[in-house]
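J.: What follows is the residue order along each chain.
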Amino acid sequence: MARWGMVIDLDCCTACQACVVACQAENNQPPPQAGQAQMGRSIAWMELVTYHEGQYPNVKLRILPRPCMHCDEPPCVKVCPVGATYKSEEGIVGQIFGRCIGCRYCTTACPYTVRYFNWYEPVWPEPMQKGLNPDVSIRPKGVVEKCTLCHHRLIKANDLARYENRPLRPGEYVPACVESCPASAMVFGDLDDPESEVSQLAHSRRAFHLLEDLGTEPKVIYLQEKE
Amino acid sequence: MEFTRREFLIAGGVSGALAAQGWAVPQVIYAGAREGQADPLERTVMTLCRQCSGGCGLKVRVIRDCVVGIAGNPIHPINRGGVCPGAPAAVQSLYNPDRLTQPLVLAGPKGAGRYQPVSWTEAVRQLAARLRDLRRTTGPHGLAVITRGDRGLKRLLLERFLQAYGSNNLIDGAAPDAHQAYPAIRAVQGFPRAVGYDLAQTRYVLSFGSQWLDAHWSPAQAGATFAALRGRDQDDRRRFVHVEPRLSLTAAKADEWIPARPGTEGALALGLAHVIVREGLYDRAFVERMTDGFEDPDGGRGGRIGFRRLVLRDYAPSRVSRITGVEEGTIFRLAREFTAQRPALAIGYDGASVSTQRTYDRMAIHALNALVGSIDVAGGVTHFRDIELLNLPVPEPDGPAEAGLSKPRIDVADPSVYPLADCPTGMLAERILADLPYPIEVLVLAGGNPVFDSPHPQRVQQALGKVPLVVSLSSWMDDSARWADLIIPDAHSLSSWDVDLSHTLTGRPVVTTARPVVPASAEARGSAELILELARELGDPVSRALPFPTAQAAVRAVCDTLAASGRGGAFGPLEQEGWIRLLERGGWRPPAARSQDEFYTKVIAAGGWSDPIYYDREWDRVFRSPPRRFAFHSALIAQHVKPRNEADDVRCLPHYQAHESGEPNEAFPYRLYVYPLAVLAGMKDVNIPWLMDASGRLMRQRWNTWVEINPRTAHKLDIADGDVVTVASSRGTLRLHAKLFEGIMPEVLAIPYGFGHEGGGRWCEKIGQNPATLVDVEIDPLTGGPLWNSTRVALRKT
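Just so you know, the sequences run in chain order A and B.
The first sequence begins at 3 in the numbering used here and counts up by one.
The second sequence begins at 54 in the numbering used here and counts up by one.
In short, the hints are calculated from the structure, not lab data.
The structure presented is a predicted model; accordingly, all values stated were derived computationally and were not measured.
Glycine included, C-beta positions come from ideal geometry on N, C-alpha and C.
Treat the hints with care, as some may be off.
[What the hints assert, rightly or not] Derived DEER-like restraints, expressed as beta-carbon distance ranges: (1) A/66 with B/256: 23 to 33 Å; (2) B/118 with A/88: 33 to 43 Å; (3) B/160 with A/62: 49 to 59 Å; (4) B/710 with A/110: 54 to 64 Å; (5) B/617 with A/194: 48 to 58 Å; (6) A/174 with B/446: 45 to 55 Å; (7) A/41 with B/389: 44 to 54 Å; (8) B/380 with A/160: 53 to 63 Å; (9) A/62 with B/718: 32 to 42 Å; (10) B/256 with A/51: 24 to 34 Å; (11) A/51 with B/768: 21 to 31 Å.
[What the hints assert, rightly or not] Calculated from the model, a selection of chain B residues having no Cβ within reach of chain A, i.e. all distances over 12 Å: (12) 166; (13) 185; (14) 441; (15) 521; (16) 715; (17) 850.
Chain A with its partners taken away, still in its complex shape:
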């Protein structure tokens, strides 16, 4: 059984946001609306987080692309009253949109704030619906949504492997964000496979987790040279 995880190399990342938009397109995230967006209600499962530090001229701008951490100990799963969110056997923290009642306990519980509430009815003005990805369902107003590690791609890749009567090959299942990265700053794969690039990078001395002390055991690992 694989344990899917991702490494994001901040030394290579150029913060171009290709991953952000590739994720929005792959997962049918609704076009943001100016008014709602100004209230901070636009949805981007993969989001750029920025911190400014220091004073002129010794200023640092730190930038993290932040997807769902797919914690091994996810705080969001524990609080869901209706079982709409779960951790799969392969470690993916999923969301069953149809079951969500919109209580937003999970958005509060998530320390990484990567769960997004649909504050408004998503609108795709004609003819924008044509571009929707048929593999991913769209979510109505009042439902929480989040990164699924492009779970639909895993299902497809598994089906194909089963059809061809072989195990899933490394690199066959890759989320849209990783696929899009021009700098190859993101590496995806099985964290339990000691041969995989992702597990080797995850043990690099540059590796760290976000909010490590919370004990959430994230499966998204960042790499950065210490200063």
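Got chain A sorted already, so can you dock chain B onto it with the hints?
T.: What follows is chain B alone, placed relative to chain A:
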């Protein structure tokens, strides 16, 4: 094969049941998951990205004639499967509710925005009639076409069209991003094209305000080279220092950010040159053998001066420090760092950004590359190798065409004043308004959005109002199309045939092919189709120059030309590229296809063609001007200046000039810094909600324009974060939200460029403000082109 919903569900249900019992799943559901498999439900098409000028290859996922996903072409030499945000967002540009789908004819006064739809055929007929008329009456030179600096099929066809029609007025680069660094390279090397920087293989990068991670002309390529520069392990991590008045994304990603006053990067480069020369740190072999003008001309008789003596005399770190605001010690340190590791690269503003650097500044920055011998070597400056795309005889002009072609171009400044008169579209509006050198009767906007892109938008509007017939080929009712008399919207690049010539940063040519992924509508066909149809309507000699029945036939002709070149081949994996390189170096022809048909099929299926070879130190190719060496003392400028004394020599050498507008004063105490907004920079289509939403993220701003103020400056004026302030220049005033930002010099105010459209669709119209209305341009003394960042402004709390 047609599927009904019922059949589809049955197929799915059956396969599910079979799979449960361990049977093979019929291919019908996920067949598209396997590469290259023909299937009625899903297919993958390799094509070209036209969102910006980067020339990336796309892998488009299509289900039943709908584009449902866009990723990078994994074997494309420019982007290797990666993309920038523009590519996935192209779905929102293709299926945009505000995209124009039918030609429109003005029905009311200009600029009022009342239009009537007409058919495509009728629109072409009307335009052809006017062009035929123009050719007979005042002459064909009255036609001018503005492009966005494309190098694609449209450009190839336009060139031939205008040659046969009889006009020289093919004007490149309405957008500031199209204003490349050619003039400086031309001045010192005579090389007539843009150059590349082999960032992936260099050991040290010193970037002078180039913002190459915010706004590169090829963003996906910039990302990949940055990653290569960083390396995966610490031993291979190379140093990258960035100089800019503002902590841009590029500065944030650099190892060190050095703030310098706007427009002083050239002075800093000369300061480094001073230290390098004085301490003897330069590459003596290269400077002695391959350069000209380093020592004083005529042995210094008659007060003549060369590069060495000029930098030693005028650019001591103490003086440079006063000009730039960079500490003296830093100047010494940078010079030593820069020369300690070879190859090192000094890069100036490169591509998609508002042009802030004078040609002299660019020459000064480029001179640093010559001092360390980083010219035409791996990890240095590369010079794009050319490839002929169409092998057709130059069209033979008839009487009227010959008369038209004898007239000068309208956009070229007076070469007796500007030695490197280039393509100063910033002055185009002024020239049209003044009928210089003759009136323009028909202006075709075949790309770009000059009203938004130019520093003085009102003047451009006036110019568009003055020209009797303005034709826009924009797909949007954008800032400029609103001033057109006739709009013939271009089809989306995902539904037209096209080719694009681009280059890797290592200098290798890449030709990407585009084919219709989804059908175009009959009323909005591709611009290439429009040009061919116009030529047919006009008849000989124009139609003879463009002997292609369709755009597809023109793409085919390009492929045949490439096949005949005996170079390179269709895109392939890296191993295949290595094989071609090996053969070519050995003097063999790479294994081409057996027939032209096979070659064409291969190229279209792979998404394009490339020639993976580059020869270092091809001095004859890269030094084209008379001394056939790197000319610190520009021979090209000298032809105009005819230097006889020291002052003339200085005009031929890289040197620093203070802003014409003078230093900030009491009325306007701050310098305005307009910077291109990452994500939106260089994008052709901006009415894309995902891109608009992403563009402000770095500064945690959303869907509005802000002005960045150093907290110390803000404190003096009692301005808090989020306050509404006014920023005023001698040209205009804007009301903006204040954003206190430690990453901006205290004497500088920064405003992002990219918002504030007056048209173009619901997601970009009336969102934010356009700082171009504040900009007071300075004219480049060599090219006559506009420079954006010399404006002085005042700031007030409201």
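J.: Evaluate each hint against the coordinates.
T.: Here is how each hint holds up against the structure:
no.	hint	verdict
1	A/66 with B/256: 23 to 33 Å	28 Å, holds
2	B/118 with A/88: 33 to 43 Å	37 Å, holds
3	B/160 with A/62: 49 to 59 Å	56 Å, holds
4	B/710 with A/110: 54 to 64 Å	59 Å, holds
5	B/617 with A/194: 48 to 58 Å	54 Å, holds
6	A/174 with B/446: 45 to 55 Å	51 Å, holds
7	A/41 with B/389: 44 to 54 Å	51 Å, holds
8	B/380 with A/160: 53 to 63 Å	59 Å, holds
9	A/62 with B/718: 32 to 42 Å	34 Å, holds
10	B/256 with A/51: 24 to 34 Å	32 Å, holds
11	A/51 with B/768: 21 to 31 Å	27 Å, holds
12	166	21 Å, holds
13	185	37 Å, holds
14	441	30 Å, holds
15	521	36 Å, holds
16	715	25 Å, holds
17	850	21 Å, holds
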